[in-house]
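Chain by chain, the residues:
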Amino acid sequence: MGMNIAEKILSRAAGTPVKPGDIAVVEVDVCVLTDMNFLPASWREVLKMRDPERVVVALDHLVPANEPLSAQAHAKAREFTQRFGIKRFHDVGREQGISHVVVADNAYALPGTVMVNPDSHTCGGGFLNCAARGVGLPETLFAVTTGKSWFRVGECIRYEFEGKLRPGVSAKDVFLHIAGTQGAHVNQNVEYGGPGLANLSLNARRTLAVMSTELSSEFAIFEPDQPMLDYVRARNKADFTPVYPDADATYKEKRRIALDTIEPLVALPDSMVNNSVKVGAVVGEKINQAFIGSCANGTLDDFAVAAKVLAGRRVAPGVRLIVTPGSQAIYRDALAAGYVAILSEAGAVVTNATCGACVGGHMGVLGPGEVCITASTRNFKGRMGDPAARIYMASPATVAASAIAGRIASAAEFFAGDLA
Amino acid sequence: MSVIAGKVWKFGDDINTDLMLPGAVMAKPEAEQMRAVFAANRPGWVDEMKKGDVIIGGRNYGMGSNRPASRSLRNIGIGFLLAESINGLFFRNSVNFGFLALECPGCARAFEEGDVAELDLGAWTARNQRSGTVLKPLPVPERLMTLMTGGGIYPAMEREGLIAPRAPRSDAITKIRTGALSRSAITKT
Chain A
-3 MGMNIAEKIL
7 SRAAGTPVKP
17 GDIAVVEVDV
27 CVLTDMNFLP
37 ASWREVLKMR
47 DPERVVVALD
57 HLVPANEPLS
67 AQAHAKAREF
77 TQRFGIKRFH
87 DVGREQGISH
97 VVVADNAYAL
107 PGTVMVNPDS
117 HTCGGGFLNC
127 AARGVGLPET
137 LFAVTTGKSW
147 FRVGECIRYE
157 FEGKLRPGVS
167 AKDVFLHIAG
177 TQGAHVNQNV
187 EYGGPGLANL
197 SLNARRTLAV
207 MSTELSSEFA
217 IFEPDQPMLD
227 YVRARNKADF
237 TPVYPDADAT
247 YKEKRRIALD
257 TIEPLVALPD
267 SMVNNSVKVG
277 AVVGEKINQA
287 FIGSCANGTL
297 DDFAVAAKVL
307 AGRRVAPGVR
317 LIVTPGSQAI
327 YRDALAAGYV
337 AILSEAGAVV
347 TNATCGACVG
357 GHMGVLGPGE
367 VCITASTRNF
377 KGRMGDPAAR
387 IYMASPATVA
397 ASAIAGRIAS
407 AAEFFAGDLA
Chain B
804 MSVIAGKVWK
814 FGDDINTDLM
824 LPGAVMAKPE
834 AEQMRAVFAA
844 NRPGWVDEMK
854 KGDVIIGGRN
864 YGMGSNRPAS
874 RSLRNIGIGF
884 LLAESINGLF
894 FRNSVNFGFL
904 ALECPGCARA
914 FEEGDVAELD
924 LGAWTARNQR
934 SGTVLKPLPV
944 PERLMTLMTG
954 GGIYPAMERE
964 GLIAPRAPRS
974 DAITKIRTGA
984 LSRSAITKT
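Here the protein sequences come in this chain order: A and B.
Each residue of the first sequence is one higher than the one before, counting from -3 in the numbering used here.
Each residue of the second sequence is one higher than the one before, counting from 804 in the numbering used here.
Calculated directly from the structure, the hints in this document are not laboratory data.
It is possible that some hints are incorrect.
Claimed, not checked - Reference excerpt, derived from the structure (chain B facing chain A, CB under 8 Å, subset only): (1) GLU833; (2) GLY861; (3) THR928; (4) VAL937.
As the list claims (entries may be wrong) - Coverage of chain A stretches by chain B, computed from C-beta distances (three or more under 8 Å per stretch; other residues unrestricted): (5) 33 to 39; (6) 60 to 68; (7) 136 to 142; (8) 352 to 363.
Positions of the beta carbon are idealized from the N, C-alpha and C atoms, including for glycine.
Please model the entire structure based on the sequences and the hints provided.
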């Protein structure tokens, strides 16, 4: 029987064919560390390093430092990168960004390779045909020191995209549709492909790959196509071999997604598994804060959508709209495109690149009883601050429209004139 | 030695990492993180539970983040965790932090809160002492079990000279884990 993409990548990295149920012990091509690794509560002093060329360090969760403990972590990271001669270091400053976003911006995640990072949203690297996976703090130190890691090989669900999204509908809605109708994918891999893939921008694929983490899937990997390969080659000169599924690849199930049938959706507070409703079901719910950002929705496409909705309009009185780019590179692109000026004029607070409000760390923490609508990665109870806050998850368009209304609102009117 | 038993606390489906380790204490010392376990969904639980107690979860246990939630459950003294299914990243962290967490289909129905769950690692069975129901956890490769029951990956990495040993800890966590200090004492510190 043939193999799907995850099985082929893991087999190559393990040096032996693997099948569902196996434990694949693999060579890791890239290991990313973040500021979370270097916190005093978690850091363990590394004595050996397999290969500094395979290591990326990105300070992202708490940047610039929000308290002395994170400042200590950043200092430790600086010392570490210098000691081991790690060149790909994304410190606070020009190259700053959320680890998954700098990995995407610079195509560190190469097609057909294996990448690990402590952070759960590492699945995001799958948009570049990379077997990328969050593995936690101890495992990344193991990978840095030995160059190896292991994976349980799961069965695979293949999503076949067909058609094209309607105006005002985004990859976030595709995710909310999958999570809302298919539930969790524990111990399973997810593969994305099909003729409709060509109609999803690379930024849309980033969003979907990152959000696949929330399906509890192991890997979420996109089939390569020409735009993906061009994107990688324009950013990373290293050789790579893209991996396609075999014609007779084995899947637990193939599911068809007709993109043109997807509607804007919202996940109700506390979970995104089997928890999506149409925007209409919650329209009118009063909000205190709106957030667009994170590794899922801090792309230039997300800025463009927010600017389109907010141009010439104002954020409702009493509502905070916080917009956080995924990287400083995206911030500069959004500046050049005029989006930052539009958003700022509308009353949004545009922050530096960081995980920030998404992880409830700083720059937009919620208070007791507050209601937030967010285009980020998670709406868990207490995620963005006080446990008594309520967090609705939606697309950047829906969040921007809600910020103007001061209540959860449909963005449909802002896209009514657009061609499908 | 291979049979462990503890009083059952039940949690439902899709229990996420943020409930076990809230973002507000993510950068804080371990002792502070321990105090925050399930603070949002079950306030006061860390004071009610006792060392050696057991968690029975539903499907998709530990969904979410890589934050070391397994370490917090280990630190507060949970003897083991059984769930219908476990998020892969939470499972890996459980292996690496030396916290015994096994997938055990049927466990959510087989146990009520307050039951005593008995895990026999030799026979590879989970038993409800009250009802006598016996379940089979899903298999875990031996080398992962060795890490999970042997203190996790850091001691192994120290032995191999990959990371530096930490100075022996005289802090509150070590005292709690060795029984020299009760958990409630932490409240006052």
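For each hint, the structure was consulted:
| no. | hint | verdict |
| --- | --- | --- |
| 1 | GLU833 | 6 Å, holds |
| 2 | GLY861 | 11 Å, violated |
| 3 | THR928 | 21 Å, violated |
| 4 | VAL937 | 24 Å, violated |
| 5 | 33 to 39 | holds (count 4) |
| 6 | 60 to 68 | holds (count 3) |
| 7 | 136 to 142 | holds (count 4) |
| 8 | 352 to 363 | holds (count 3) |
Hint compliance for this structure: hints 2, 3 and 4 are not met, and every other hint is.
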